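Mind docking chains R, D and W on chain H? Use the hints.
4 protein chains.
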Amino acid sequence: MSAPKKVVLAYSGGLDTSIILKWLQTEYRCEVVTFTADLGQGEELEPARAKAEMLGIAPSNIYIEDVREEFVRDFVFPMFRANALYEGLYLLGTSIARPLISKRLVEIAHETGADAVAHGATGKGNDQVRFELSAYALDPAIKVIAPWREWDLTSRTKLLEFAEAHQIPIAKNKRGEAPFSVDANLLHTSSEGRVLEDPGQEAPDYVYQRVTRPEEAPDAPEMVEIAFEKGDAVAINGEAMSPATILTRLNELGGKHGIGILDLVENRFVGMKSRGVYETPGGTILLEAHRGIEQITLDSGAGHLKDWLMPRYAELIYNGFWFSPEREMLQAAIDKSQEHVTGTVRVKLYKGSARTVARWSDHSLYSEAHVTFEEDAGAYDQKDAEGFIRLNALRLKLLATRNAKFK
Amino acid sequence: MSAPKKVVLAYSGGLDTSIILKWLQTEYRCEVVTFTADLGQGEELEPARAKAEMLGIAPSNIYIEDVREEFVRDFVFPMFRANALYEGLYLLGTSIARPLISKRLVEIAHETGADAVAHGATGKGNDQVRFELSAYALDPAIKVIAPWREWDLTSRTKLLEFAEAHQIPIAKNKRGEAPFSVDANLLHTSSEGRVLEDPGQEAPDYVYQRVTRPEEAPDAPEMVEIAFEKGDAVAINGEAMSPATILTRLNELGGKHGIGILDLVENRFVGMKSRGVYETPGGTILLEAHRGIEQITLDSGAGHLKDWLMPRYAELIYNGFWFSPEREMLQAAIDKSQEHVTGTVRVKLYKGSARTVARWSDHSLYSEAHVTFEEDAGAYDQKDAEGFIRLNALRLKLLATRNAKFK
Amino acid sequence: MSAPKKVVLAYSGGLDTSIILKWLQTEYRCEVVTFTADLGQGEELEPARAKAEMLGIAPSNIYIEDVREEFVRDFVFPMFRANALYEGLYLLGTSIARPLISKRLVEIAHETGADAVAHGATGKGNDQVRFELSAYALDPAIKVIAPWREWDLTSRTKLLEFAEAHQIPIAKNKRGEAPFSVDANLLHTSSEGRVLEDPGQEAPDYVYQRVTRPEEAPDAPEMVEIAFEKGDAVAINGEAMSPATILTRLNELGGKHGIGILDLVENRFVGMKSRGVYETPGGTILLEAHRGIEQITLDSGAGHLKDWLMPRYAELIYNGFWFSPEREMLQAAIDKSQEHVTGTVRVKLYKGSARTVARWSDHSLYSEAHVTFEEDAGAYDQKDAEGFIRLNALRLKLLATRNAKFK
Amino acid sequence: MSAPKKVVLAYSGGLDTSIILKWLQTEYRCEVVTFTADLGQGEELEPARAKAEMLGIAPSNIYIEDVREEFVRDFVFPMFRANALYEGLYLLGTSIARPLISKRLVEIAHETGADAVAHGATGKGNDQVRFELSAYALDPAIKVIAPWREWDLTSRTKLLEFAEAHQIPIAKNKRGEAPFSVDANLLHTSSEGRVLEDPGQEAPDYVYQRVTRPEEAPDAPEMVEIAFEKGDAVAINGEAMSPATILTRLNELGGKHGIGILDLVENRFVGMKSRGVYETPGGTILLEAHRGIEQITLDSGAGHLKDWLMPRYAELIYNGFWFSPEREMLQAAIDKSQEHVTGTVRVKLYKGSARTVARWSDHSLYSEAHVTFEEDAGAYDQKDAEGFIRLNALRLKLLATRNAKFK
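If you read the protein sequences in the order shown, they are chains H, R, D and W.
Mapping to full-length UniProt numbering: the first sequence position 243 is 243, numbers consecutive.
Mapping to full-length UniProt numbering: the second sequence position 300 is 300, numbers consecutive.
Mapping to full-length UniProt numbering: the third sequence position 392 is 392, numbers consecutive.
Mapping to full-length UniProt numbering: the fourth sequence position 110 is 110, numbers consecutive.
A portion of the hints provided could be inaccurate.
Identical copies look the same in the list; a pair holds intra-copy or inter-copy alike.
Derived BS3-like pairs: lysine-lysine, alpha-carbon spacing no greater than 25 angstroms straight-line [unchecked claim]:
| id | residue 1 | residue 2 |
| --- | --- | --- |
| 1 | Lys336 | Lys230 |
| 2 | Lys348 | Lys256 |
| 3 | Lys397 | Lys383 |
| 4 | Lys6 | Lys103 |
| 5 | Lys103 | Lys407 |
| 6 | Lys22 | Lys397 |
| 7 | Lys103 | Lys5 |
| 8 | Lys256 | Lys143 |
| 9 | Lys383 | Lys143 |
| 10 | Lys383 | Lys6 |
| 11 | Lys397 | Lys143 |
| 12 | Lys158 | Lys405 |
| 13 | Lys336 | Lys6 |
Hints listed in this document are in silico derivations from the structure and should not be mistaken for laboratory results.
Values in this document were obtained by computation on a predicted structure and should not be read as measured data.
The shape of chain H in the complex, shown without the other chains (with noise of 0.2 angstroms):
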């Protein structure tokens, strides 16, 4: 690979991200770019622009946008019309920040006639495979530029070294190593890491810090009633939003009602085992709601092959291949799915749980004249139960038969 001219940095406006501003700089002198996005992880954003003019960026290279609206719309909502859950439980809340944040960078580096973006994951983990797929695949030809599988930075003192070398401001409470790690953006906050490497201890309290403990929680359950449309959120408690207004809301419920912790440990796609402790409030209101829809909206054909393709679907998504041909077929087979998925879910919200107590739509496939123990009025008739049965026993008994013959 050649030496890059210009890179689009994904700028947090960290200790981190600003030490590889600057090696990028030294290292390669070349144009930094950066982008700095608003995905709802609860940070202002001002002080990044400061800070990378400080570090020498032009005005015009610095990118600060707000893209929640987008982030909730165009992924976290398709991807929860899946019902998608990594290893049986984790909402793939950091998987699905990745492909966007690539996706800018990529549109960045167009418009401002860069040849490389860079990030800031390091060579153990699945973002930078999450990064550079999502790049390549957008742009074949873009360079992707990773300092921490570069770079001989490779202990706290010798960042650090490099910082006061580079004049980079430290944060008091950044000299020391943090004792974990954070990711945090609209859909979730996860921690990994140093205090929780051991998954026999217990993660410690602090480790929360989106979710009110389940213990700490309002002793009072409270009810949330959650309008879909076509498999998406559009309204809470009757009022209609925004999907980044709606997750918001969702995460004020859920993290109130100490809702959505999970102590996990997971397979990275790299191949090691990690452990992590994700706080999700919001989208796991948001999973079991749109569960709850589906119960009455969906057919079964449907929903038995859609539990059939999440498995890797959500595989797909956690691996980094949001942009893929085959996530691309696997959503149009869940979107197809989802065009009566309209109506209305009452979810219940106490300690730490959230649970769908009541369900109703126009589009409901319920039908209380078949299932009734009353009388039907003809609805259903029971003999037609035999002949279903005795056929679907036929292979059974001729298996049985001939089974006899060897025992």
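Okay, now just chains R, D and W, sitting in the frame of chain H:
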């Protein structure tokens, strides 16, 4: 089908199966053998003996058995190795009991020279299918009698008239319709029908019979440690126990802490949607713990294959195909994966939720050496990630290059 | 089911459906509408009109239609995009025609105010299921009449007696039993029954009606070039043609060269095994060619997903679920994959086999630059493979280390 | 990776692996052990011994073994139980041989105290992955040396110079580039590269080395009867034979009749497409026959599950994951299905095609009594089909009713 001469009836001792007993005698003039099983439903069995005798069954034709250990060891535990959930949420508590009952019905038919078995499931539900597919798979020549699909006792009034005409005692509280229908065993209690028939109405509190309402559960969380060997739970808090004892103990813990309640609209095999309330206290803890121990002892390739097979496996059990070659094939694959699923999980129980907070095992695949944020002494070369990503990206680059030609 | 007032009958003009026509008139005293479709079965349709008139059908109640283009365009081609094979071998020639016939039956019922449709399939086969599931999916209120499951004309003798009693003309060669039963359309000819009922006996030569015996096919191979656009064949040897014309032309070529014969024992949806002989000359070439063009234009992620979905897709069509949400979901995924399946394939036809020998496309993903044994000018860095392998091996190494502890 | 001290080399005796042998000695100054296996590639092995000795290998370090029986019994036959085809067409002839070679390399390393193994696969292909994943799975501490990824002998000229400089004899016909590259074993011969690199150009006739061109095959068809026990072929034309003998005999038959040639563009695991010509004469017959015997002895539930698992199974083998827990899980499921796959198949061989024409078995599930067009003496009640269809249709009717509301 020629008329049966001797019938083995799945007999609870309750009013409905007593009516069936008498109906079989009067309709077919056949000898009736009763089979009453203790599956952990929490009822005394001896009254069933007295009642059968009173209805004219010869003592040698009355079978009363405690099958709880067989139920958990040979049915529940194998199913939990798969992390089976039907439609994402249902723990299959009724589905998994039916094949065992059918197996004993057929075995008793063979022991007593009976040519038929009979059950009390209606023509609208899944249980008729499960009973009958199992029976036919175990004895292709057996006759199966499903009185609810045959007789003309199609109203409560007619049933009571029949009972009175045949001196079947009717408990006072059975005169009226029950407000909902219940099935129970060691794994779960399910409720459905009547007051639950509108899925847009919340289930009334009195439906929940087995699990404390989360709001009334203890204010202090409780930890439980579950040890596994080859995928099966073998000890609780360090004390080795038999399978049924383990599930009983987990039921007590879960019931106390409000764990395992589910309000679900599901798709029946016979083609309609139905709404049920399930209480699966011990099973919910067991599933959480099993996932917890798999997180550190199961390889990702094995785990992802299991995730992919699971929905099909669960559907087979739900639909009544426990005794089918494809369920046995899937079981062989699943069991193969459990050879090292050995270790201990700590689960926190609190007001409706059960969450893994720690897990450890001599069989752990988790490598702190690989995952650590600290120096890893060469366990992992971050440079490897570059090649890994580049080759995973190769096809995406070729795609992007091709697709760009046609934009 | 109340008695039908007006019935649309799938009418071939042959003896069996003429008997059904008359039986409907006499049994239900209902008005009959006949629908006779040209699906490419190779028979004149006008005699069916004359016969229907002779049997008392009003001219305005006689529908005779050439649906070949619709059949190939809307049913055969979408299915071939999936490379669908049932049980590894069967090209689904009968299965794919049934939903089209049902669709027209229901549409004609709506046009003519009929309340029922009727078909001539027996109670043992798959076709009854396909006809009826399609009809119910398109009109849930329609009545479906399947005379073979209802009437008492259960022997050849009784059928002929009924025909004679009702002045239905009987061709001389219809007096005796046919030695086997045939279904034909533009995609295939199938034969089953009687002389084919022992799968341990070879099918006699006279069963093969459409494809030249390979031993009698030309001694010289013939090449054919098939062009595809977005997954559908659009031209043969450079000449653009309509869908039905393409299949007709491929049938001629395949029939001439002995291609597409299959002797199969398959599993019917109704639970039994049956043996059939299939002749699918054009379809066999088309499948081979479609695979050939996908080889260079379809990405591996998309292709492997298709391979994984295909058996389920084929099973749905075989079982009669063409008009089901899950088939439509799978179709959406498959169609999404075909956007660049455009290019040309050369297939060699010779004495029973059709083999792709060359394929080329502007949309090709094949990169000679990457794969070449020669210098590749940096297109591919072989060093990348090391990291790729090492990270793919990581979990296997951790497993081996763990497992070694317990040996 | 520290330098290896003693290396076991997969050694063919040819020029390339002789260069590798010498390069290992000179580059690492390490002791070399050679392993030469007879996998049925059709070459004498003793010349490899002489050549190894000439290159300075101690006789005790020269391993020459006939592994044909192990190859067919433990690798080929288990794979054929799955009817494995990669990308719909490829019989995996190269893929299935690699794990066996790696297994022996690692075993010999353990016997001889070697710390490394080496292979002659290039950095662009799949074989490097297969060799190395297998080696790491069997010994996580083993070093693997892949000279083609390491050395600077990147052109034919340099290789020949190195050979001359080290007194490695060069056969006259090895001076120039071979027109294509070949791999062979008892299952297949594959050819790729150079003259085959343009998939739009037909492969020249001289590429086909093992199978007679169909045009030149005998004009008379030949029948062969293959007997199976539990899914494995055990006899040909009534004569019991060992696994390798069976495959050898089928190769002779298939080769004579022009069977098993395939011109394929496939997707390599490392991300690129490549074009290969495969000749798999015996394997093609074996697959056809195995399917034939499964048709009558395998239940549809088992068969459809196998069809669904197969693409994943084949992909695992293609990608080099033979020694992985997920391949072993799938194998457990597949093997479970084969318990009654016992019986005999007659296959007709003629000018390039192998077709099942008859099959019979004491374990047959085919029931003429059920399927017959004649009177079936009550084996099957056609009325059952009505209930079967009506319940299968129920959800489709509910869907149609719902959907109609929104049109």
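Checked hints:
{"no.": "1", "hint": "Lys336 to Lys230", "verdict": "both (9 angstroms within a copy, 20 angstroms between copies)"}
{"no.": "2", "hint": "Lys348 to Lys256", "verdict": "both (13 angstroms within a copy, 20 angstroms between copies)"}
{"no.": "3", "hint": "Lys397 to Lys383", "verdict": "both (21 angstroms within a copy, 18 angstroms between copies)"}
{"no.": "4", "hint": "Lys6 to Lys103", "verdict": "within (17 angstroms within a copy, 49 angstroms between copies)"}
{"no.": "5", "hint": "Lys103 to Lys407", "verdict": "between (63 angstroms within a copy, 18 angstroms between copies)"}
{"no.": "6", "hint": "Lys22 to Lys397", "verdict": "neither (74 angstroms within a copy, 29 angstroms between copies)"}
{"no.": "7", "hint": "Lys103 to Lys5", "verdict": "within (20 angstroms within a copy, 48 angstroms between copies)"}
{"no.": "8", "hint": "Lys256 to Lys143", "verdict": "neither (43 angstroms within a copy, 54 angstroms between copies)"}
{"no.": "9", "hint": "Lys383 to Lys143", "verdict": "between (68 angstroms within a copy, 16 angstroms between copies)"}
{"no.": "10", "hint": "Lys383 to Lys6", "verdict": "between (75 angstroms within a copy, 23 angstroms between copies)"}
{"no.": "11", "hint": "Lys397 to Lys143", "verdict": "between (63 angstroms within a copy, 12 angstroms between copies)"}
{"no.": "12", "hint": "Lys158 to Lys405", "verdict": "neither (76 angstroms within a copy, 39 angstroms between copies)"}
{"no.": "13", "hint": "Lys336 to Lys6", "verdict": "neither (42 angstroms within a copy, 36 angstroms between copies)"}
Hints 6, 8, 12, 13 from the earlier list are contradicted by this structure; the remaining hints agree with it.
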